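Chains as they are written, first to last, in numbering that gives the first Met the number 0: chain A, 0 to 206; chain B, 0 to 206; chain C, 0 to 206; chain D, 0 to 206.
The hints are simulated quantities; they were obtained by calculation from the structure and are not laboratory data.
Since the list gives no way to pick out one identical chain from another, each pair is judged satisfied if it fits inside one copy or across any two copies.
Straight-line C-alpha distance at most 27 angstroms; calculated DSS-like pairs for lysine-lysine:
#, residue 1, residue 2
1, Lys123, Lys184
2, Lys10, Lys26
3, Lys54, Lys26
4, Lys11, Lys26
5, Lys10, Lys54
6, Lys44, Lys54
7, Lys10, Lys44
8, Lys11, Lys54
Keep in mind that this is a model prediction, so the values were computed, not measured.
Number of protein chains: 4
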Amino acid sequence: MPKVSDAYKEKKRADILRHALACFGEKGFQTATIDDIALRSGMSKGAIYGYFESKEEMYIRLMESGTEEMFRMLRNDFAGLPAVDKLRTLIRHYRNQELTSEWVGAGRVHMEFWIHSARNEDVKRVMVGRYERFVALVEEIVEEGKREGVFGDVNAREMSDLFWAAADGIFLRITVLDRQELYEKLWDDAEEMFLRTLSRNGDGAAL
Amino acid sequence: MPKVSDAYKEKKRADILRHALACFGEKGFQTATIDDIALRSGMSKGAIYGYFESKEEMYIRLMESGTEEMFRMLRNDFAGLPAVDKLRTLIRHYRNQELTSEWVGAGRVHMEFWIHSARNEDVKRVMVGRYERFVALVEEIVEEGKREGVFGDVNAREMSDLFWAAADGIFLRITVLDRQELYEKLWDDAEEMFLRTLSRNGDGAAL
Amino acid sequence: MPKVSDAYKEKKRADILRHALACFGEKGFQTATIDDIALRSGMSKGAIYGYFESKEEMYIRLMESGTEEMFRMLRNDFAGLPAVDKLRTLIRHYRNQELTSEWVGAGRVHMEFWIHSARNEDVKRVMVGRYERFVALVEEIVEEGKREGVFGDVNAREMSDLFWAAADGIFLRITVLDRQELYEKLWDDAEEMFLRTLSRNGDGAAL
Amino acid sequence: MPKVSDAYKEKKRADILRHALACFGEKGFQTATIDDIALRSGMSKGAIYGYFESKEEMYIRLMESGTEEMFRMLRNDFAGLPAVDKLRTLIRHYRNQELTSEWVGAGRVHMEFWIHSARNEDVKRVMVGRYERFVALVEEIVEEGKREGVFGDVNAREMSDLFWAAADGIFLRITVLDRQELYEKLWDDAEEMFLRTLSRNGDGAAL
DNA sequence: AATGAATGAGTTTTCATTCAT
DNA sequence: GATGAATGAAAACTCATTCAT
Numbered sequence: 000m001p002k003v004s005d006a007y008k009e010k011k012r013a014d015i016l017r018h019a020l021a022c023f024g025e026k027g028f029q030t031a032t033i034d035d036i037a038l039r040s041g042m043s044k045g046a047i048y049g050y051f052e053s054k055e056e057m058y059i060r061l062m063e064s065g066t067e068e069m070f071r072m073l074r075n076d077f078a079g080l081p082a083v084d085k086l087r088t089l090i091r092h093y094r095n096q097e098l099t100s101e102w103v104g105a106g107r108v109h110m111e112f113w114i115h116s117a118r119n120e121d122v123k124r125v126m127v128g129r130y131e132r133f134v135a136l137v138e139e140i141v142e143e144g145k146r147e148g149v150f151g152d153v154n155a156r157e158m159s160d161l162f163w164a165a166a167d168g169i170f171l172r173i174t175v176l177d178r179q180e181l182y183e184k185l186w187d188d189a190e191e192m193f194l195r196t197l198s199r200n201g202d203g204a205a206l
Numbered sequence: 000m001p002k003v004s005d006a007y008k009e010k011k012r013a014d015i016l017r018h019a020l021a022c023f024g025e026k027g028f029q030t031a032t033i034d035d036i037a038l039r040s041g042m043s044k045g046a047i048y049g050y051f052e053s054k055e056e057m058y059i060r061l062m063e064s065g066t067e068e069m070f071r072m073l074r075n076d077f078a079g080l081p082a083v084d085k086l087r088t089l090i091r092h093y094r095n096q097e098l099t100s101e102w103v104g105a106g107r108v109h110m111e112f113w114i115h116s117a118r119n120e121d122v123k124r125v126m127v128g129r130y131e132r133f134v135a136l137v138e139e140i141v142e143e144g145k146r147e148g149v150f151g152d153v154n155a156r157e158m159s160d161l162f163w164a165a166a167d168g169i170f171l172r173i174t175v176l177d178r179q180e181l182y183e184k185l186w187d188d189a190e191e192m193f194l195r196t197l198s199r200n201g202d203g204a205a206l
Numbered sequence: 000m001p002k003v004s005d006a007y008k009e010k011k012r013a014d015i016l017r018h019a020l021a022c023f024g025e026k027g028f029q030t031a032t033i034d035d036i037a038l039r040s041g042m043s044k045g046a047i048y049g050y051f052e053s054k055e056e057m058y059i060r061l062m063e064s065g066t067e068e069m070f071r072m073l074r075n076d077f078a079g080l081p082a083v084d085k086l087r088t089l090i091r092h093y094r095n096q097e098l099t100s101e102w103v104g105a106g107r108v109h110m111e112f113w114i115h116s117a118r119n120e121d122v123k124r125v126m127v128g129r130y131e132r133f134v135a136l137v138e139e140i141v142e143e144g145k146r147e148g149v150f151g152d153v154n155a156r157e158m159s160d161l162f163w164a165a166a167d168g169i170f171l172r173i174t175v176l177d178r179q180e181l182y183e184k185l186w187d188d189a190e191e192m193f194l195r196t197l198s199r200n201g202d203g204a205a206l
Numbered sequence: 000m001p002k003v004s005d006a007y008k009e010k011k012r013a014d015i016l017r018h019a020l021a022c023f024g025e026k027g028f029q030t031a032t033i034d035d036i037a038l039r040s041g042m043s044k045g046a047i048y049g050y051f052e053s054k055e056e057m058y059i060r061l062m063e064s065g066t067e068e069m070f071r072m073l074r075n076d077f078a079g080l081p082a083v084d085k086l087r088t089l090i091r092h093y094r095n096q097e098l099t100s101e102w103v104g105a106g107r108v109h110m111e112f113w114i115h116s117a118r119n120e121d122v123k124r125v126m127v128g129r130y131e132r133f134v135a136l137v138e139e140i141v142e143e144g145k146r147e148g149v150f151g152d153v154n155a156r157e158m159s160d161l162f163w164a165a166a167d168g169i170f171l172r173i174t175v176l177d178r179q180e181l182y183e184k185l186w187d188d189a190e191e192m193f194l195r196t197l198s199r200n201g202d203g204a205a206l
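Turn these sequences into a full structure, and let the hints guide you.
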């Protein structure tokens with residue numbers, strides 16, 4: 000007979016995660032303390048432990064979160080578009096992102112996820128699972144483009160891996176340099192490079 | 000024991016740094032303790048502090064180190080080569096790297112450098128300075144290729160930025176996935192993609 | 000346990016300070032460790048840090064404490080008395096103090112305050128401020144005595160300085176020798192000497 | 000068959016002590032490190048341990064030192080003087096001392112001796128022994144004055160104790176406040192007060 | 001004798017987690 | 001359910017002392 004509804008609890012959990020993300024983005028996972036998160040959430044330390052078992056759990060949940068929402072949104076924007084435009088939409092979704100301190104902070108946390116993954120099997124499982132979905136997304140777009148006859152005979156999986164490598168590389172850089180115009184140029188150049196590379200004949204006709 | 004040569008001290012410092020790099024690679028900068036480093040170095044904690052003022056200093060020295068050596072080596076290998084081959088040499092230098100645990104560990108530390116940089120001005124200065132040299136290296140190669148008439152009319156600086164973004168993205172991935180064959184494929188694809196993109200007319204004639 | 004009253008917290012703080020004073024008295028500020036204080040307080044080290052930011056802060060608070068209480072008490076005892084009796088009251092307040100180990104310990108800490116003050120500007124400010132109040136106290140008594148026509152034409156400020164110098168000298172000695180009868184004799188002699196010196200004509204008529 | 004003469008060793012010991020005194024004066028016994036002393040002495044840490052068994056020993060030797068010299072000097076200056084002038088000579092010896100940083104530093108160390116004495120029986124023995132000689136010095140002067148008929152019927156021992164209490168109180172204060180003119184005034188007032196108190200009839204006729 | 005690198009016990013301080021209220 | 005005081009295991013760093021050279 001819980002005193003509060005599940006919805007309330009879910010909302011609280013999401014609340015805490017949001018504040019935790021801000022803290023981790025600002026100070027890093029190790030450096031941000033539960034006190035920081037409690038303070039920012041306007042809750043007590045004890046309350047937080049009522050929703051999450053440990054700091055590590057908050058971290059894991061954060062890694063899992065966000066993906067669904069993002070995919071839902073993209074699926075919507077992609078509806079009915081040819082492969083080239085889907086890829087463009089994806090790229091411009093990132094390219095047009097304003098480098099607010101929240102977003103850059105979240106980017107830093109994302110980078111930390113990768114590092115942290117390398118050293119912890121549990122975290123790695125989650126992270127790789129998440130990553131798989133992103134790779135599959137672009138892989139499917141590329142396959143679709145090939146079927147449409149617009150993309151050449153490339154290895155879709157490898158191209159997707161390389162695409163996300165470049166994307167993470169851009170995020171990594173911007174995480175430190177924090178320069179909007181550099182960020183946009185990098186994505187513009189990446190867009191052109193990838194579309195040209197994927198194009199049938201490699202001549203960028205698809206552009 | 001005292002009144003040891005400068006060479007001895009230099010060797011010790013390098014020794015400690017090597018062991019520290021291994022510890023940081025394994026556990027991460029924050030998680031690795033001075034005790035870990037001391038244990039692995041076979042020295043006492045106090046001895047470590049005789050060579051480095053703080054854990055942070057070891058970190059900074061580690062960031063600075065390696066770069067010179069790498070540049071010297073590349074300069075040697077580059078001697079007399081046309082731009083395209085210089086770029087290929089650089090890419091293959093990475094591509095042919097065997098993913099030993101030491102190397103992957105070092106890669107993880109390199110990734111941490113970026114993250115850490117984002118939150119610490121001192122570290123950032125060193126990191127950005129170091130990064131500048133890498134960007135300049137590829138930028139010069141691209142300019143050279145343009146002068147040779149092999150590369151098209153691209154923005155050398157931006158292409159260099161993008162190149163290193165992709166490189167760091169590959170490292171980031173491999174840091175977690177640790178799969179040799181994926182690593183090689185990513186570099187092979189990157190090589191082709193960049194050379195094609197840089198080529199005059201973008202048709203990859205330079206390949 | 001949480002959501003305790005402010006009074007509870009104040010009491011805890013005072014508790015810790017009391018135990019800290021005992022530890023400092025016994026071993027000295029530098030030698031007494033937080034562990035000592037925690038052990039004696041029956042609390043954990045962490046709990047101590049919940050009330051004080053650092054050992055230094057405990058020290059400063061200890062320096063500030065006690066003064067108010069003492070002044071309130073004296074003001075009470077002084078009410079309505081002529082200057083000579085005020086001075087006598089003050090002197091006898093000290094003279095009749097039993098040399099318990101706590102009191103002697105506190106005296107030792109007081110002496111350490113002086114030494115420590117000499118080498119630390121922050122501590123010095125607090126210590127000099129505190130000292131000022133004591134000097135003003137006796138200075139006022141002397142001025143009052145002069146107005147009453149009982150004390151001669153002495154420099155009140157200087158006499159007050161000298162009085163407290165002698166007092167501290169007595170404490171310093173007793174801190175080591177810890178002999179009750181010597182302590183009392185020193186104060187008796189000091190009483191006579193000062194009253195005689197202050198007396199109009201210097202003939203001790205005021206006695 | 001020592002390779003160096005005893006005189007050389009003695010000189011070295013004195014040298015080290017001199018520098019140690021400066022270090023202790025500046026930073027305090029606990030805070031000053033052997034490295035500080037070694038640096039200031041221009042010797043190695045190891046060499047210092049060839050002359051002193053421990054930091055504590057240096058401290059003890061320092062406590063013992065200086066006294067002889069001082070007594071020899073005073074005995075010289077006292078030769079043939081009546082008691083009143085001996086006392087005056089003693090007081091003015093202090094009063095005319097310029098407050099150089101070395102002298103103030105030495106004063107601080109002297110204060111530390113007292114504090115330290117309170118907590119260590121070995122140190123206490125040395126300190127009390129040293130103190131005894133100072134008390135005896137003034138006690139004898141007072142007795143002499145009584146025999147000369149210039150001083151009244153006071154308890155010589157107690158007056159001597161009180162005299163040194165006041166002296167130490169003045170040093171304690173100056174150790175922190177470090178104000179030459181205050182120092183001199185305190186001694187001038189002390190001189191007048193003590194001579195008046197000691198004078199036959201207490202009327203300061205001896206002045 | 002002198003040197004100064006090495007040792008390691010000891011110190012302050014932090015912080016994830018627990019749990020009495 | 002919420003609170004935040006309490007815990008205590010680390011962790012970074014210091015420094016008197018030793019001892020190989």
